[in-house]
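Please construct the entire structure, taking both the sequences and the accompanying hints into account.
Residue numbers (this note's numbering), protein chains in the order written: chain F, 1 to 359; chain L, 1 to 225.
FYI, nobody ran anything at the bench for these hints, they're computed from the structure.
This one's a predicted model, so the numbers in the text were calculated from it and none came from an experiment.
Where hints are given, some of them may not hold.
Result set (DSBU-like, lysine-lysine): computed pairs, CA atoms no more than 30 angstroms apart in a straight line [as the list claims (entries may be wrong)]: (1) K204/F <-> K73/F; (2) K8/F <-> K204/F; (3) K38/L <-> K347/F; (4) K8/F <-> K73/F; (5) K73/F <-> K131/L; (6) K112/F <-> K73/F; (7) K131/L <-> K38/L; (8) K295/F <-> K347/F; (9) K8/F <-> K38/L; (10) K295/F <-> K131/L; (11) K38/L <-> K73/F.
Here are the computed distance ranges between Cβ atoms for each label pair [claimed, not checked]: (12) E61/F <-> V54/L: 52 to 58 angstroms; (13) P43/L <-> E61/F: 39 to 45 angstroms; (14) P56/L <-> G121/F: 51 to 57 angstroms; (15) F205/L <-> S125/F: 32 to 38 angstroms; (16) V21/L <-> G2/F: 49 to 55 angstroms; (17) T208/L <-> Q81/F: 43 to 49 angstroms; (18) V54/L <-> D105/F: 56 to 62 angstroms; (19) R145/L <-> K8/F: 20 to 26 angstroms.
Just so you know, even glycine gets a beta-carbon here, dropped at the ideal spot from N, CA and C.
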Amino acid sequence: MGLSVDIKLVLDGFRLEVSHAFELGGITALFGASGAGKSLLLRVISGLESGATGQVSFENEVWQGARFVPTAKRGIGYVFQDARLFEHLDVAGNLRFAVRRSGSDRMEAVVKTLDLQPLLGRRVSMLSGGEKQRVAMGRTLLTNPRLLLMDEPMAALDHARKTRLLPYIARLPEAFGLPVIYVTHSVEEVTRLADRMVVLAGGKLLAAGRVADTLARLDIAEASGKFEAGSVVRAVVMGQNTAYRLTEMQVAGQGLSMPASAVEIGAELRLRIRARDVAIAVRRPEGVSIRNVLKGRILELMQEPETAFAELLLDIGGEQRLRARITRASVAELGLATGDDVFALVKSVSFDRRALPKG
Amino acid sequence: MSWPDLAPLWLSIQLAAVTTVFLLLIGTPLAWWLATTKARIRPFIEAITALPLVLPPTVLGFYFLILFSPNSTLGGLWRDATGSALTFSFTGLVLASALYSLPFMVQPLQSAFEAVGRGPMEAAATLRAGKLDAFFNVALPMARRGVLTGAVLSFAHTIGEFGVVLMVGGNIPGQTRVISIAIYEQVEVLDYAQAHALSAILLVFSFTTLLLVYTLNRRAPVRVG
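Below, the structure is given as structure tokens:
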């Protein structure tokens, strides 16, 4: 299953030029800073930008190129940032709008998966932001799409609503057996939702691949902003330390703990560790308060010219990578070089409950 | 005081109703085009549409008289096709009234369509609705307040019309003698009692219509589906 794109679009002085074969399956994050062209690319894929030139094809169908297939005939689902529910219809009316045109028989499944039952009789203007997005997702799923495009559906929501909406989005690919392309500028959403990611910067493709690999690559810093830079590691829950209220885990055979969380022993977690939360020592440190120390070897060392900082990519074993951001002065003082064995001091860890997909 | 002759009132209502329906049919596509086009000709069309707002009705009526005259191209074609003249006829009045009230239909509709914007139409396209489908089932219902406002204003404006009717229609009972003309004539012949009665009826009718519309409009928006 695949989506191949080779397009060009100039709009108000902004130039979008992307050539990429999307490997679809699960959720693919389309990631980049604001203004990188993510939403625009999604609009081109769906046929909403008539000014785009080039080719778009999905599976064996040409959507743009030799012919142009209008949006209504592409079999895509699109969830807009602002939901775009029809205000002249109630929630059930919005859902039926889709069913009438697709003949979908999924109504029950969609209502159940997204918990829409209590909302059905409500007026659209009476819904909260998160409820609106759930209805919008439901409406889109009722068109029986073959590819679901989501354009920052959580951008307008506060943190609590995001946290509530995330699990609904995460279960879509499996529940309805359809690939999702998910636009976001949040690393947190990428690590919590996506299996693969495609990174855009300045209207161009910067990188693409599995989330963990792509996020750990240093050149992503440009797209995500220095302070968002970080890495994703896989951890297994080993036990709960009830006396000190800590959850004990293992990452690549090394111990790691975090404030107690309600996770089962044996569960696999994805941890996100920001580069700036990782400090480096050349000997195993003693007499410091930081408990999480991972042994690793420097794979790459990149000095950032014109700044005080340098970034390190560490191999911590088990094909896992950790990224650190320290000062250039520290690099010089400690005499760090590629290939050195070092200790990474991890100041803070955030995680996602979702187990890793296989493979 | 004798009961006034109500035929002119009835004729005014008929004229206003036919004109409003006719305007809905031609004004809606025009307003949609104006709201969505990027064509350079748009300001010209907008200016032409707004002309009746600034021109004295007599000027419009004068041009209509010339255009409708059986000696002109349009008037001649009409007479050859139908056997009757456009001037001093009900049909002529409808055409003239429609143009005279065009801005009252097109401007509220255009604003309403612009307020709907591209968003819902794009959403409809992603939900597999074709262009016509999306227009009738999304844009039009979402712009329903504009439709209602345009229809009421066109209706009211046509009821209150005087100058254009006088120029194009004259004063033929049952054909072109609408209520404003009838009142004018009664005042001319100093029949104040009849003028009072018709004026009062028109005042009450107009106020009731507008009150009804504003009351309906104030209520929670109508839900469909």
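Hint check results:
no.	hint	result
1	K204/F <-> K73/F	holds, 28 angstroms
2	K8/F <-> K204/F	holds, 10 angstroms
3	K38/L <-> K347/F	violated, 56 angstroms
4	K8/F <-> K73/F	holds, 22 angstroms
5	K73/F <-> K131/L	holds, 12 angstroms
6	K112/F <-> K73/F	holds, 27 angstroms
7	K131/L <-> K38/L	holds, 17 angstroms
8	K295/F <-> K347/F	holds, 15 angstroms
9	K8/F <-> K38/L	holds, 22 angstroms
10	K295/F <-> K131/L	violated, 61 angstroms
11	K38/L <-> K73/F	holds, 25 angstroms
12	E61/F <-> V54/L: 52 to 58 angstroms	holds, 54 angstroms
13	P43/L <-> E61/F: 39 to 45 angstroms	holds, 41 angstroms
14	P56/L <-> G121/F: 51 to 57 angstroms	holds, 54 angstroms
15	F205/L <-> S125/F: 32 to 38 angstroms	holds, 35 angstroms
16	V21/L <-> G2/F: 49 to 55 angstroms	holds, 53 angstroms
17	T208/L <-> Q81/F: 43 to 49 angstroms	holds, 46 angstroms
18	V54/L <-> D105/F: 56 to 62 angstroms	holds, 58 angstroms
19	R145/L <-> K8/F: 20 to 26 angstroms	violated, 41 angstroms
Checked against the numbered hints above, the structure breaks hints 3, 10, 19 and satisfies the rest.
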